[in-house]
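Here is what each chain is made of, one letter per residue.
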Amino acid sequence: MSTTGIRVAALDDIPEGEGIAIDRAVTGTDDDIALLRDDDGTVWALNDTCTHETASLAEGWVEKGYVECPLHASRFCLRDGKVEGLPATRDAVAHRTEVRGGEVYLFPNEPPDAPPNGAAAS
Amino acid sequence: MTSSPELAGRLGRPTPTPFGPLSRPPELASTIDTSGLVDADGGLVDRAIFTDHQIYQQELRRVFAPSWLFLAHTDQFRRPGDFFGTYMGEDPVIVTMDRNRKIRAYLNSCRHRGARVCRADAGTTRNFTCTYHGWSYGLDGGLVSVPNKAGYPDGFDTADWGLVEVPLIDSHRGLIFGTWNPQAPSLSEALGTMAWYMDAMLDHDGSGTEVVGGVHKWVLDGNWKLAAEQFATDWYHVNMSHASALMLLSPEGKGPRDEIVHRSGRQYADPNGHGAGFPVHPRNRFDAQPVHQWFDYDAARARLGDARVEGPLTNGHATVFPNFSYLPVNGSVRVWHPKGPDRMEVWAWTLVDRSMPDDVKEAQRLYNLRTFGPSGVFEQDDGENWSEVQAISRGFVTNSVPLNYQMGLGSEREDGRYPGLTSELYSDSAGRAFYRRWQRLMNTPAWYEGDV
Chain A
1 MSTTGIRVAA
11 LDDIPEGEGI
21 AIDRAVTGTD
31 DDIALLRDDD
41 GTVWALNDTC
51 THETASLAEG
61 WVEKGYVECP
71 LHASRFCLRD
81 GKVEGLPATR
91 DAVAHRTEVR
101 GGEVYLFPNE
111 PPDAPPNGAA
121 AS
Chain B
1 MTSSPELAGR
11 LGRPTPTPFG
21 PLSRPPELAS
31 TIDTSGLVDA
41 DGGLVDRAIF
51 TDHQIYQQEL
61 RRVFAPSWLF
71 LAHTDQFRRP
81 GDFFGTYMGE
91 DPVIVTMDRN
101 RKIRAYLNSC
111 RHRGARVCRA
121 DAGTTRNFTC
131 TYHGWSYGLD
141 GGLVSVPNKA
151 GYPDGFDTAD
161 WGLVEVPLID
171 SHRGLIFGTW
181 NPQAPSLSEA
191 LGTMAWYMDA
201 MLDHDGSGTE
211 VVGGVHKWVL
221 DGNWKLAAEQ
231 FATDWYHVNM
241 SHASALMLLS
251 PEGKGPRDEI
261 VHRSGRQYAD
271 PNGHGAGFPV
281 HPRNRFDAQP
291 VHQWFDYDAA
301 RARLGDARVE
311 GPLTNGHATV
321 FPNFSYLPVN
331 GSVRVWHPKG
341 PDRMEVWAWT
351 LVDRSMPDDV
361 KEAQRLYNLR
371 TFGPSGVFEQ
381 DDGENWSEVQ
391 AISRGFVTNS
401 VPLNYQMGLG
411 SEREDGRYPG
421 LTSELYSDSA
431 GRAFYRRWQR
441 LMNTPAWYEG
451 DV
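Chains as they are written, first to last, in the UniProt record's numbering: chain A, 1 to 122; chain B, 1 to 452.
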C-alpha cells in the first residue's frame with residue numbers, strides 16, 4: 001500500500017457535480033477509478049464501472065453524497081460505495097482520496113476514512 | 001434482418017428500420033383525393049378539411065412528414081447533452097446537441113416497446129434511457145445498453161436498434177428545422193423568398209436572436225390550420241376581433257387613431273404555402289416603448305433596406321408552411337402542434353435581439369406576455385375565434401357549406417418593392433396559397449409511398 005498516494009488529478013480538473021475516470025494503468029487496480037466531486041466540493045473515488053450494466057460512473061450525476069449512474073439511475077454512496085437502489089444490487093468499491101495543495105491523491109484499495117452517508121450527520 | 005432504405009420505401013415505411021417479414025396492408029393508409037375540397041383559384045374551401053379524421057391522418061402522412069418543420073432555437077443548445085422535446089406533427093422528437101456539438105433529432109420512442117426515452121420537457125443528459133425496461137441510447141442515438149442482453153438471440157445487433165433519427169436538420173438564422181423526408185429540397189430552397197421576409201425579424205443587426213426563458217404551451221380547441229392560415233394571411237380580423245385590446249392599448253382609452261385603424265400594406269403569398277402580411281408606413285415602429293427608443297431604425301435601413309424597415313420589420317404576421325408562425329412586433333414565434341382534427345397545442349417562444357440591453361429585453365418580454373402570451377389580450381381573442389369556428393363545424397349542414405377566401409382575388413402582382421407575388425394588406429391571397437400548397441401535398445404520394 002502506498003503511504004503517500006498516487007497524484008491522479010488537479011482538483012480543478014473535476015467540476016463540482018461531475019467526475020473523471022482514471023485509467024487502471026495509472027491506478028494499478030482491476031477497474032478504472034471514477035474521481036467524483038460532490039456539490040460541496042469534496043472528492044471521492046469509486047470503481048468506475050457500474051455494478052449493474054457496463055456504464056461509467058464518472059459520466060454520472062454527483063450530488064449530495066451520491067453518484068447516480070447515467071444509464072439506469074442506480075445510486076451509490078460516494079463515501080463507502082453502498083448501493084442505494086435498483087436496478088444495481090451490488091455495492092461499488094470505494095477508495096481513499098486526499099486533497100493536498102490543490103492536487104488529488106488516490107490510495108487504491110484503501111477504504112476511505114470518512115463515515116458513510118447518514119452516519120456523518122449523527 | 002436489416003433493410004435498405006429503398007426497401008423500406010417500397011413497403012410504405014418512412015424510415016429504414018428492420019421489419020423482417022412485416023408488411024402493412026394498404027388499407028391502413030387509404031388515401032382521399034382532396035382536389036374537390038380546395039378551390040384555390042376561386043377562393044373556396046370545404047369545411048371537411050377541418051373536421052375529418054381520415055383527412056387528418058393523411059395530413060400527418062403527406063403534409064407534416066415530408067415538410068420542413070420548426071423544432072427549436074439554436075440558443076436552447078449550449079453544451080453537449082442539452083435537449084428539448086417537441087413534436088413533428090404528432091410524432092414526439094428529442095432535439096439534442098451531440099458530443100461533437102452537432103444538433104440532431106430523434107424519434108422519442110424506444111425501439112423495444114415504444115415508450116418515450118425522454119420524459120422531460122428540456123434539460124441536460126448523458127443518455128436517453130427508457131423508463132420501461134431500461135434500453136439506453138447515447139447522444140448519437142446509438143443503443144448503448146440493453147439489460148439482460150444475454151437473453152437475446154445471436155443475430156440481435158444493437159446497431160440495428162438505435163433511435164430513429166430525423167434525417168435532415170438545418171437552421172436559418174437560429175431557427176432549427178427538420179424533416180423526415182430524406183429527399184426534401186434544402187431548407188433554403190424550401191423557404192425561398194420567404195427568408196427575405198423572415199430576416200426582417202431575425203437579422204436586425206447581425207447579432208442574432210436569443211430565447212427568453214422557456215416555452216409557453218397551451219391547448220386550444222380548433223384545427224391547427226385555422227391558426228396557421230390566419231398568421232399567413234389575415235390582417236382583416238384585427239380591428240374587429242381585437243377592438244377591445246386596441247382600445248386598451250391606446251392613449252387614454254380613446255381608441256387608436258384613424259391612420260392606425262385604416263392601414264394599408266402588403267401581403268406576401270409564397271408558392272410553397274408560406275405567407276406574411278404587414279402594414280407599410282415610413283414611421284412604422286415597435287410597440288413596446290423601450291424597444292422603440294433603443295432600436296436604431298437608420299442602421300436597420302442600411303442593413304435591410306427601406307422596404308423591410310417600413311414593412312415586415314415591425315407590425316405584421318407570418319406563417320412558414322405548414323405550422324410555424326411568428327409576430328415581428330414582439331418576437332413571438334410559435335408552432336401549432338396538431339392534436340387530432342379538433343385540437344391544437346400552441347408552443348410559443350419569445351425571441352429578442354442578442355444586442356438588446358437587459359432592460360429592453362425585459363420590456364419586450366413583458367409586452368409579448370401582455371399581448372400574445374397565453375393570457376395575452378390579443379391571443380385570447382384569436383383563440384376564441386378558432387375554438388368558435390371549430391365548435392360548430394361538425395354539424396352536418398354547417399360542415400357542408402363552403403367557406404369564402406375570395407378577398408383580393410386576382411390582386412397578386414410583382415410590385416417592384418416587395419419580392420415575390422404580393423397582394424393588399426387586407427386579402428386572402430396568402431390563405432389561398434396556403435391551401436393550394438396543402439392540397440398539392442395531400443394529393444402527392446410522399447417519398448416512402450413509391451409509385452402508388
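Among these hints, one or two may not hold up.
[As the list claims (entries may be wrong)] Not close to chain A: a few residues of chain B, all C-beta gaps over 12 angstroms, as computed: (1) ARG24; (2) ASP52; (3) ASP91; (4) ASN148; (5) GLN183; (6) GLY416.
[To be verified] To give an idea of the interface, some chain A residues facing chain B are shown, with a C-beta separation under 7 angstroms as derived from the structure: (7) GLU53; (8) GLU59; (9) PRO70; (10) LEU71; (11) HIS72.
Derived by calculation from the structure, the hints in this document are not laboratory data. Note that the structure is a prediction, hence the values are computed from the model and not measured. Backbone N, C-alpha and C define an ideal beta-carbon position, used for all residues, glycine too.
Results of checking the hints against the structure:
no., hint, in the structure
1, ARG24, "holds, 34 angstroms"
2, ASP52, "holds, 44 angstroms"
3, ASP91, "holds, 25 angstroms"
4, ASN148, "violated, 9 angstroms"
5, GLN183, "holds, 36 angstroms"
6, GLY416, "holds, 58 angstroms"
7, GLU53, "holds, 5 angstroms"
8, GLU59, "holds, 5 angstroms"
9, PRO70, "holds, 4 angstroms"
10, LEU71, "holds, 5 angstroms"
11, HIS72, "holds, 5 angstroms"
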